[in-house]
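*Asks:* Given the sequences, and given the hints that come with them, work out the whole structure.
The lines below spell out each chain.
Protein chains: 2
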Amino acid sequence: LSENHVIDIFLDPQSVAVIGASKNPIKGGHRILNNLISNNYKGKIFPVNPNSEGEVLGLKLRKSILEIEEEVDLAIFYVPNKVIPSILKDCIKKNVKGALIETAGFEEVGEIGLKLRDQIVEITDNFSKIRIVGPNCMGLTKIEGDSDTDAKGGFFSGFGVFDEYNRGNIGIISQSGMLNGGYLMNLMRNHPNVGIRYSCSIGNKMDLSEIEFLEYFLEDPSVNVIALYLESFKNPRKFIELCKKAKYIPNKTIILLKGGLTSLGQKASLSHTGSLAESSQLVKAIIKQSGVIQAGNLHDLFQFARTFSMVYKSGKKLPKNGNVSMMAGSGGAGTISADLIAKYGLNFAIMSEKTHQLLKELYPEWMPPNRFALLDLWPTMEKAMTNNVSQEEVMTRIWRAILDDPNVEGVFNMIFVSTRFSKRYNFQEMSENKTDKIVLIWMVGENQAVRRITKLFNKNNIPVFPTLEETIRNFSILVQESKNKIGILT
Amino acid sequence: LSENHVIDIFLDPQSVAVIGASKNPIKGGHRILNNLISNNYKGKIFPVNPNSEGEVLGLKLRKSILEIEEEVDLAIFYVPNKVIPSILKDCIKKNVKGALIETAGFEEVGEIGLKLRDQIVEITDNFSKIRIVGPNCMGLTKIEGDSDTDAKGGFFSGFGVFDEYNRGNIGIISQSGMLNGGYLMNLMRNHPNVGIRYSCSIGNKMDLSEIEFLEYFLEDPSVNVIALYLESFKNPRKFIELCKKAKYIPNKTIILLKGGLTSLGQKASLSHTGSLAESSQLVKAIIKQSGVIQAGNLHDLFQFARTFSMVYKSGKKLPKNGNVSMMAGSGGAGTISADLIAKYGLNFAIMSEKTHQLLKELYPEWMPPNRFALLDLWPTMEKAMTNNVSQEEVMTRIWRAILDDPNVEGVFNMIFVSTRFSKRYNFQEMSENKTDKIVLIWMVGENQAVRRITKLFNKNNIPVFPTLEETIRNFSILVQESKNKIGILT
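If you're matching them up, the sequences are chains A and B in order. With this note's numbering, you'll find the first sequence wraps up at 490, consecutive numbering, no jumps. With this note's numbering, you'll find the second sequence wraps up at 490, consecutive numbering, no jumps.
Hints are not guaranteed to be accurate.
Where chains are identical, the list cannot tell them apart; a pair therefore holds if satisfied intra-copy or between any two copies.
[Unchecked claim] As a list, the in silico BS3-like pairs of lysine-lysine whose alpha-carbon atoms are at most 30 Å apart:
1) K288 to K343
2) K343 to K244
3) K360 to K115
4) K383 to K89
5) K93 to K63
6) K343 to K267
Treat the hints as calculated values from the structure; they're not laboratory data.
*Replies:* This is how it looks when you write it as structure tokens:
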């Protein structure tokens, strides 16, 4: 990483003052402090509160940042908007390098907020005396280890207390606190296999914005996937430049959810982060030129990030042509998947002669297999049953043949988990997929069993989806990203 | 219902012969028998198997249908394709009115199957001597009561044994056995509140097709929602006519998933149900003229059916204009929902003066509420906290005001379920919504709590969705259907 990137102050501070640190556990200032301490933040922590004294969580409270003798890299603000300018003056006096302002009530609230903003611009001499992240944000998170191991640690300044997380390869930059607060915590709890490296709430972007965080993540090899939620572009030209740069970095993908694509969305955005309307034409042009993967909603943003995260972790190459195989126990699912495969610009692989010969043996005479790699496995199971052959053995032979077929880049497998059907699968072998093929699983069935087998696949970086369309859509973005990079990297 | 509709033979037979009834519990013929007996089918049941004798599940086995002395309405076939023509001859001799052929290996397998088909056409004198459902299908289901009560009962001929189900207002007609077999059973297990009235697998449609089942469901007042999966249209003109007829029936909605929309899908469909390619232009024209709600995938088909089912059960009117309110605890979710609301052709309601006045009281001065009904509730919760007012009370006042606002037709509520936030909601009151407004819930949070609170809402016919886009999409189809019916019913 380049030395002394401005973001180092915010994601790697050696010492932190929490302005507004409170003894009351339901207050935000208390939660920030609690996060830093309970998650083993390695630097020094100084709670500051003009209206309180004594100790909080074992640390001495100060009335002002000026009472601290040691150096302070970063001040985190959780105090009412009106007192911020004067405390910022103190910070500048104290030579604090960065201010992370979580308080709301600035650009997004109109006149009063804009006046406060003007004051801050003046006090900081246009942000030259101190750099600012926020205001109106949910803080920054950098995860160094997993919460359930001794390695646990990092830098946590969030609106909730982070107690379940894993370090991973995803970096989040967001103008919605959801993606740094409750929603993110919920995702981490429900998808323990999806690790996060950074989660950065940038709020109103008064000074620093997506640009600096993007620069930082592009240079940081621990980040493979960058998930962005933006309500405005701070510097479109620079944004496009950075996204283009990402295409030259093999294991780096940027996914963008843009809020405020419609005029209704822009109206909403104005009262949220104070983002002014951008022409829809312009926004479309920026997204197109940047060549990022676009997500249409929060769910896709997360799911796409998860898919790329797992594929990068698995070390497999992105598929170039989109030639896939669909394996299902239902002909109807086969027909629908064919429509969706066409819709998402993919194609069925034409199976090699070798694979086709094997399938001919395993399918009944009255139902010969296709040449294209859409496999309705029902007839093979019927034949196995009739001939008293192990269904699992037949399934495994087909599975291996498809994975070994040089024409197949990716495999979708519909797995129906139930007492009756699960015996057909060798889940252990399937999840360990040692080939270079990308496998995505569509799993339906009994809830508990689904959760158990999903875990097994996830552990081996094979994503599992609850619906067919999600399975196919997530493969299609891998091909899209591969095409983004083709001609540049190959 | 019209007297003696041909489908009565199949869904309301007084006596049934199971051809291929087996003592081996893993065989399909055994499962069909088991379904009929264990689910209290009220008619007479005769197991028939030329290769077996003695008793099965307490019933005497016969070698041939001709050995039965009583009348037989319906014969269900679960025997190899090649023996079917000769057994059909026996059925005709015996004056059996209908044959439900589950066996595969006909139109979908090419030459051999087409020959068998020709033989059947000849033997039945073009289906005038006996009517046929199938072949290549998963059977028919008619649910009279819930599986966990004494009322349990109905007619079940499926590929699996039905042991968890509830009677409801949805009728399914499908060319994919998934929707009659495993996938359906899985849906019923995971969504116990979603009741099914009929589930009809029509297979290759050699004789009877979607047309007759559609006619039947349109006349049956116990069916509100008709969910169709088709790979081909047997009679496009008649199909359009019936769908148009549905628009004149207040509590009736047809949802269609068409497999084989693309040429790739048609290739797949040929080997599944033997459906020949239809021009994509023609298919589009049929769907447009019929004015049905179109689903793009299996998940949407089911979810749309569930939404209509609940709205009809609740007795609420379909929304005419699509003027909604979105209540969320996140500004980002608000912006994204605004984009999605625009995408799906909906609009935020402009709140009445009365509602706006109330909100002004509850929002902090630095963050006044919008005039349009997008509510970021975060600032109201902050204000309540600061003033030591009960958050639940504030939330409930807002909730009531929005539901009472005459300009609002529907409400989306993002509920974040967690130890910290759940206390803000009066879930009991919310779920009992006694107004005429349609409420859809987007729920995220801790898995177990989500399941528990979802149950409460579902019990009161309020659908809960795991993602924002699904929530909005499902409201938009209600408006679409209302517009389909407008001018006709109002």
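*Asks:* Give a verdict on every hint.
*Replies:* The hints, checked one at a time:
1. K288 to K343: both (20 Å within a copy, 19 Å between copies)
2. K343 to K244: both (27 Å within a copy, 29 Å between copies)
3. K360 to K115: between (76 Å within a copy, 22 Å between copies)
4. K383 to K89: between (80 Å within a copy, 28 Å between copies)
5. K93 to K63: So K93 and K63 pass the 30 Å test inside one copy only (15 Å; across, 100 Å).
6. K343 to K267: between (32 Å within a copy, 15 Å between copies)
In summary, this structure violates none of the numbered hints.
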